[in-house]
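So the sequences go chain by chain: Y and A.
For the first sequence, the residue numbers in my numbering are 53 to 411.
For the second sequence, the residue numbers in my numbering are 53 to 411.
In case anyone wonders, no lab produced these hints; they're calculated from the structure.
Predicted model, so just to flag it, every value in this text is computed and none were measured.
Incorrect hints may appear among the rest.
Straight-line Cα separation of at most 25 Å, DSS-like style, residue types lysine-lysine; simulated pairs [as the list claims (entries may be wrong)]:
#1 Y:LYS357 - Y:LYS336
#2 A:LYS320 - Y:LYS179
#3 A:LYS212 - Y:LYS213
#4 A:LYS71 - A:LYS115
#5 A:LYS123 - A:LYS336
#6 Y:LYS321 - Y:LYS357
#7 A:LYS179 - Y:LYS320
#8 A:LYS212 - Y:LYS212
#9 A:LYS71 - A:LYS408
#10 A:LYS320 - A:LYS336
#11 A:LYS70 - A:LYS392
#12 A:LYS336 - A:LYS321
#13 A:LYS71 - A:LYS123
#14 Y:LYS408 - Y:LYS321
#15 A:LYS70 - A:LYS408
#16 Y:LYS321 - A:LYS179
#17 Y:LYS320 - Y:LYS357
#18 Y:LYS320 - Y:LYS179
#19 Y:LYS392 - Y:LYS71
#20 A:LYS123 - Y:LYS179
#21 A:LYS213 - Y:LYS213
#22 Y:LYS392 - Y:LYS70
#23 Y:LYS179 - A:LYS179
#24 Y:LYS321 - Y:LYS71
#25 Y:LYS123 - Y:LYS212
#26 A:LYS213 - A:LYS336
#27 A:LYS213 - Y:LYS219
#28 Y:LYS71 - Y:LYS115
#29 A:LYS213 - Y:LYS212
#30 A:LYS219 - Y:LYS212
#31 Y:LYS213 - A:LYS219
#32 Y:LYS219 - A:LYS392
#33 A:LYS71 - A:LYS179
#34 A:LYS321 - A:LYS408
#35 Y:LYS115 - Y:LYS179
#36 Y:LYS219 - A:LYS336
#37 Y:LYS123 - Y:LYS408
#38 Y:LYS336 - Y:LYS321
#39 A:LYS321 - A:LYS357
#40 Y:LYS320 - Y:LYS336
2 protein chains.
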Amino acid sequence: MTIYSINHYHKDSLIDDKKTFRENYTLFQNSVESELRTIIGNNPLGLYDMLRYHLGWQDAAGKSVKSSHGKLIRPVLCLLCHQSVGGRVVEAVPAAASLELLHNFSLIHDDIQDNSDSRRQRATVWKIWGQPQAINAGDAMFATSYLALLRLHDNTISDKKIVRSFKLLSEVCLNLCEGQYMDMAFEDSSSVSIENYLNMIMKKTAALLATSTALGACLGTENEEVVNQFFEFGRDLGMAFQIADDVLGIWGIEEKTGKPTLSDIVQKKKTLPVVYSLTASTGKDRQRLEQFYSQEHTEEQDMVKIVEIINRMGARAYSQQLEQQYYEQALSRLETISIKETDRSLLVNMVRFLMKRDY
Amino acid sequence: MTIYSINHYHKDSLIDDKKTFRENYTLFQNSVESELRTIIGNNPLGLYDMLRYHLGWQDAAGKSVKSSHGKLIRPVLCLLCHQSVGGRVVEAVPAAASLELLHNFSLIHDDIQDNSDSRRQRATVWKIWGQPQAINAGDAMFATSYLALLRLHDNTISDKKIVRSFKLLSEVCLNLCEGQYMDMAFEDSSSVSIENYLNMIMKKTAALLATSTALGACLGTENEEVVNQFFEFGRDLGMAFQIADDVLGIWGIEEKTGKPTLSDIVQKKKTLPVVYSLTASTGKDRQRLEQFYSQEHTEEQDMVKIVEIINRMGARAYSQQLEQQYYEQALSRLETISIKETDRSLLVNMVRFLMKRDY
Numbered sequence: 053m054t055i056y057s058i059n060h061y062h063k064d065s066l067i068d069d070k071k072t073f074r075e076n077y078t079l080f081q082n083s084v085e086s087e088l089r090t091i092i093g094n095n096p097l098g099l100y101d102m103l104r105y106h107l108g109w110q111d112a113a114g115k116s117v118k119s120s121h122g123k124l125i126r127p128v129l130c131l132l133c134h135q136s137v138g139g140r141v142v143e144a145v146p147a148a149a150s151l152e153l154l155h156n157f158s159l160i161h162d163d164i165q166d167n168s169d170s171r172r173q174r175a176t177v178w179k180i181w182g183q184p185q186a187i188n189a190g191d192a193m194f195a196t197s198y199l200a201l202l203r204l205h206d207n208t209i210s211d212k213k214i215v216r217s218f219k220l221l222s223e224v225c226l227n228l229c230e231g232q233y234m235d236m237a238f239e240d241s242s243s244v245s246i247e248n249y250l251n252m253i254m255k256k257t258a259a260l261l262a263t264s265t266a267l268g269a270c271l272g273t274e275n276e277e278v279v280n281q282f283f284e285f286g287r288d289l290g291m292a293f294q295i296a297d298d299v300l301g302i303w304g305i306e307e308k309t310g311k312p313t314l315s316d317i318v319q320k321k322k323t324l325p326v327v328y329s330l331t332a333s334t335g336k337d338r339q340r341l342e343q344f345y346s347q348e349h350t351e352e353q354d355m356v357k358i359v360e361i362i363n364r365m366g367a368r369a370y371s372q373q374l375e376q377q378y379y380e381q382a383l384s385r386l387e388t389i390s391i392k393e394t395d396r397s398l399l400v401n402m403v404r405f406l407m408k409r410d411y
Numbered sequence: 053m054t055i056y057s058i059n060h061y062h063k064d065s066l067i068d069d070k071k072t073f074r075e076n077y078t079l080f081q082n083s084v085e086s087e088l089r090t091i092i093g094n095n096p097l098g099l100y101d102m103l104r105y106h107l108g109w110q111d112a113a114g115k116s117v118k119s120s121h122g123k124l125i126r127p128v129l130c131l132l133c134h135q136s137v138g139g140r141v142v143e144a145v146p147a148a149a150s151l152e153l154l155h156n157f158s159l160i161h162d163d164i165q166d167n168s169d170s171r172r173q174r175a176t177v178w179k180i181w182g183q184p185q186a187i188n189a190g191d192a193m194f195a196t197s198y199l200a201l202l203r204l205h206d207n208t209i210s211d212k213k214i215v216r217s218f219k220l221l222s223e224v225c226l227n228l229c230e231g232q233y234m235d236m237a238f239e240d241s242s243s244v245s246i247e248n249y250l251n252m253i254m255k256k257t258a259a260l261l262a263t264s265t266a267l268g269a270c271l272g273t274e275n276e277e278v279v280n281q282f283f284e285f286g287r288d289l290g291m292a293f294q295i296a297d298d299v300l301g302i303w304g305i306e307e308k309t310g311k312p313t314l315s316d317i318v319q320k321k322k323t324l325p326v327v328y329s330l331t332a333s334t335g336k337d338r339q340r341l342e343q344f345y346s347q348e349h350t351e352e353q354d355m356v357k358i359v360e361i362i363n364r365m366g367a368r369a370y371s372q373q374l375e376q377q378y379y380e381q382a383l384s385r386l387e388t389i390s391i392k393e394t395d396r397s398l399l400v401n402m403v404r405f406l407m408k409r410d411y
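Go ahead and model the full structure; you've got the sequences and the hints to work with.
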């Protein structure tokens with residue numbers, strides 16, 4: 053992994069565009085939400101109740117609930133990139149929805165694999181319907197993700213581009229699985245290097261953001277070089293995004309993240325601050341860390357000590373610095389893509405939105 | 053569900069073609085096996101060891117084993133149909149492989165959902181690697197199934213046909229999930245009608261055979277009516293095939309089926325003989341059946357009594373009669389499709405192979 057040197061982007065010039073960005077964001081969210089509801093539909097089979105529940109539209113009893121729709125980061129990113137290469141947003145909405153469905157398939161299965169009881173402050177699908185049905189609900193979400201892509205057919209997208217979209221989607225699926233495999237294998241490994249970790253998040257998180265940007269671009273332009281530039285931009289953004297998530301998983305505030313503070317410590321996840329601390333520590337600290345990450349049970353007092361060590365190692369500063377490098381690398385890639393300045397400004401705002409999470 | 057009246061097919065005329073059929077079968081199996089090995093590849097990541105293990109190519113330690121490749125029913129059926137509409141077999145091999153991968157994805161997840169320890173006399177993937185990794189291995193198999201379809205691109209298949217193939221594959225995925233949902237939901241339901249049951253197997257089993265025949269056909273012809281005829285032929289064949297499986301699940305011989313006799317009774321599956329018996333029984337018999345299928349634990353002596361009741365209700369004869377009806381319906385559909393007699397004969401042999409399981 054090489055981290056390139058970075059030019060600082062001038063943030064002051066962006067403040068005026070924030071409103072335009074917000075307006076675009078809301079518009080895109082609404083389009084995608086509406087598309088998602090059309091795809092999932094009102095099928096009365098109980099299987100679809102699980103999907104609608106997971107997407108926040110129903111409660112566990114099947115009653116509609118007023119949902120503030122999710123952030124829909126991947127679809128919005130896809131549509132912004134599509135628009136910036138001159139594509140008509142309406143044409144790419146099915147692909148944007150497809151990305152959200154794929155992301156949600158992985159979340160349903162993740163929750164089973166991590167034995168997580170709650171997500172977004174609600175019980176997880178498996179917690180309500182049991183693991184066998186939840187595995188199947190995830191599979192169904194996976195299938196709808198592909199069916200969503202076929203709705204491109206109703207627009208004016210060529211078969212060639214649809215096949216290209218299927219390729220991007222299928223490749224990222226396999227990347228997600230490879231990343232997930234590595235993430236789970238790391239739990240039982242005592243020697244995860246930072247390189248291993250970066251490779252894992254590249255597949256598990258960054259690949260889907262890279263696919264979101266590339267998919268949006270490839271539906272709007274035939275220029276493969278531009279599509280690749282968008283792919284790389286999305287990948288760096290995804291790396292930064294995951295590292296930021298790792299930092300929040302230890303030091304985040306519950307009200308903002310929806311996850312309890314220290315949740316990643318409780319779950320013994322080998323996130324960047326932990327991998328770094330394991331690598332950088334020596335003597336008793338290292339022994340304590342290794343012991344904690346190899347034992348089954350967790351005592352409250354153990355956790356406090358672990359966080360103390362992680363803090364002492366400077367893991368937070370290290371992680372945030374790496375996050376910042378990827379973030380700036382994403383921005384500098386964006387500067388090299390030949391698009392209109394108004395579109396670039398929207399994308400820069402999107403990057404800032406993702407990194408600050410303060411909008 | 054209507055079962056049409058059936059003309060008997062003259063079996064005597066087929067004996068001479070049996071050899072040709074066997075030769076074709078072996079040829080197709082070899083092509084598909086080779087394609088599958090190319091798709092899965094030699095990736096050293098442990099994830100792929102799970103896939104190679106499941107497909108019978110490796111042992112749990114990752115050592116290659118001499119495998120007699122599976123029956124590859126769905127791919128062979130696909131290639132036979134493709135050939136019969138005038139397609140060149142080599143062109144459809146990636147699609148045939150894709151069907152096998154999709155089938156195997158569903159098996160990996162099925163085994164977790166059913167809590168099955170063994171398949172084809174080997175430990176199941178989850179039994180060796182645990183449920184979280186096995187869920188992910190199933191997902192990866194799912195993704196490779198789509199990637200396999202993209203290999204049609206390397207042949208001379210048009211983008212239009214590839215998009216059509218993706219549609220067929222994605223639709224059958226969702227059908228599989230719907231069928232699986234129903235199957236699991238039936239376990240907790242005391243009132244499964246024969247209609248419910250038939251609808252469930254239509255989605256869970258018959259849809260994939262219908263897709264196999266239709267996919268083979270649609271890659272070889274533009275004639276949608278012919279594709280539909282193949283779809284319906286495959287669907288009826290799939291219905292017969294599943295009912296036959298249900299009969300074997302109670303009365304089958306372990307050496308032939310690879311599953312212990314009575315295995316479906318032990319697992320309390322609501323298969324056709326059971327659904328029929330529950331519907332047809334009265335008084336004490338019904339009470340005993342209902343009690344057995346609602347209780348958690350199973351005593352050896354309970355099982356004997358349950359089989360006694362199922363036998364007494366004539367459930368075997370009922371099931372075999374329905375199986376026969378679907379089987380003959382499939383054959384009579386085959387008679388109406390406009391294909392060469394030599395191709396028809398191969399397909400009739402395939403139907404007989406599937407139904408007799410005595411080759």
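Exercise. Could you check the structure against the hints above and give me the numbers of any it violates, in ascending order?
Key: As far as the earlier hints go, 4, 5, 20, 24, 25, 26, 28, 32, 33, 36 are violated by this structure, in ascending order.
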